[in-house]
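Take a look at the letters that make up each chain.
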Amino acid sequence: MHRCPAPALLAATVLVLAGCVGQGNVENHNAGSAALAFASSAKASPATACDLLAPETRKELESTDGPCDSSLPLQVGPAGGIVRQVQLYGKDAIVHLSTDTVFLARFRDGWRVTAAACTSRGDRPYDCKIKGD
Amino acid sequence: MRRWLRENSLTLAFTLLLLGALVGQAVSGQAFYNENALDAGLPTLTMLEYVTSSQFAVDVAENWQSEYLQFLLYILLTVWLLQKGSPESKPLDKAGRESDQDQKVGRYAEDSSPLWARVGGWRTSLYSRSLGLVMGVVFLGSWSAQLVAGRSAYNAEQLQDLQDPLSWTGYLTAPDFWNRTLQNWQSEFLAVGSMVVLSIYLRERGSPESKPVGSSHEATGVEG
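These protein sequence lines map, in sequence, to chains F and Y.
This note's numbering puts the first residue of the first sequence at 30, with every later residue one more than the last.
This note's numbering puts the first residue of the second sequence at 1275, with every later residue one more than the last.
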């Protein structure tokens, strides 16, 4: 009644591989670089950092604190630092810098920061000064 | 060609149904994912990205593993367990692995018997359990795929919610993994149990899954 175990096995293997899609080293590196570029430029060159914000995140920042160029430097912590850990799942990543924890998403034009200036609260969501609505 | 189609129509029909359902799942799943992504201001997925994503993979795998578990259990439990009156059960005096003569293996094999049923030894022993073994392997493969893809999809959601991703052990004990698993298992067990019991009293004329319409409710192991 039920046949074709070989295709089913093949499909199961494909499914396992599909679970790993998007977790390659290249994207890890890209996400880490984007987070570092954001942290490095947030105070010294806020216009550059503002361009690295995800659209909804920038919109939320500007609606509550005013123009991005002037409000962003006031929200972020120390500039620069080093990338300590990148964890990436699909189009979403969390980057732990030595100076901050940054959340990112991969849009058509590259990695953009969805939340920054984040503090861990254990099992609860991070407390982030910069985030989308 | 026409004869080949007729003689394989059951497999062909289910293959087409499977492909149609998978396409429908992909289209509706992508639309659902992108609707939520747009609401949250997050990136959307193309169709290619969606069908290779962990979100699609876990939704497929969680259903596949439960289907193969269902048939694995059905194949194995019906060796020993009986249900009086059900065409899904063996006759009441046949519980167990049965004799070599009943199973037509070794010296009781017929000319048309498969080679590995005739040769005896480990090959006949392995072939005698091959259906359950393959179903078991596919079940474990699908369940493992659910674990891998499920963790990836769950952790993507965790990051969107500004939470830390879970480790392997964390996801293995997470409600998401077991909720996906058990909600599928319960429906499969219900369907099989219903089939065993309903086929005692109800008939479907011409179906090998039913007793002949005129068979008594007590007739066991009779297929129409």
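Quick caveat, the hints were computed from the structure, so don't treat them as lab data.
Be a bit skeptical, because a hint or two may be false.
To be verified - Rough simulated footprint, nothing fancy, chain F against chain Y, three-plus residues with beta-carbon under 8 Å:
| hint | region |
| --- | --- |
| 1 | 1326-1339 |
| 2 | 1421-1430 |
| 3 | 1436-1450 |
| 4 | 1464-1478 |
Claimed, not checked - SDA-like cross-link-like pairs, simulated, lysine to any residue; straight-line CA separation at most 25 Å:
| hint | chain 1 | residue 1 | chain 2 | residue 2 |
| --- | --- | --- | --- | --- |
| 5 | F | Lys158 | Y | Val1487 |
| 6 | F | Lys158 | Y | Ser1399 |
| 7 | F | Lys88 | Y | Val1470 |
| 8 | F | Lys88 | Y | Leu1407 |
| 9 | F | Lys88 | Y | Leu1319 |
| 10 | F | Lys88 | Y | Asn1310 |
| 11 | F | Lys88 | Y | Lys1368 |
| 12 | F | Lys88 | Y | Val1487 |
| 13 | Y | Lys1378 | Y | Leu1407 |
| 14 | F | Lys72 | Y | Leu1436 |
| 15 | F | Lys158 | Y | Asp1313 |
| 16 | F | Lys88 | Y | Lys1364 |
| 17 | F | Lys158 | Y | Leu1312 |
| 18 | F | Lys158 | Y | Ala1314 |
| 19 | F | Lys158 | Y | Glu1483 |
| 20 | F | Lys158 | Y | Val1470 |
| 21 | F | Lys88 | Y | Met1469 |
| 22 | F | Lys158 | Y | Ser1481 |
| 23 | F | Lys88 | Y | Tyr1307 |
| 24 | F | Lys158 | Y | Gln1437 |
| 25 | Y | Lys1364 | Y | Val1470 |
| 26 | F | Lys88 | Y | Leu1440 |
| 27 | F | Lys158 | Y | Asn1310 |
| 28 | F | Lys88 | Y | Lys1378 |
| 29 | F | Lys158 | Y | Glu1431 |
| 30 | Y | Lys1368 | Y | Met1469 |
| 31 | F | Lys158 | Y | Leu1440 |
| 32 | F | Lys72 | F | Gly151 |
| 33 | F | Lys88 | Y | Thr1318 |
| 34 | Y | Lys1364 | Y | Val1487 |
| 35 | Y | Lys1364 | Y | Glu1483 |
| 36 | F | Lys88 | Y | Glu1483 |
| 37 | Y | Lys1364 | Y | Asn1337 |
Glycine residues also receive a C-beta, built at the ideal position from the N, C-alpha and C atoms.
When the hints from earlier in the document are held up against this structure, which numbers fail?
4, 5, 6, 7, 8, 11, 12, 16, 19, 20, 21, 22, 26, 28, 32, 36, 37
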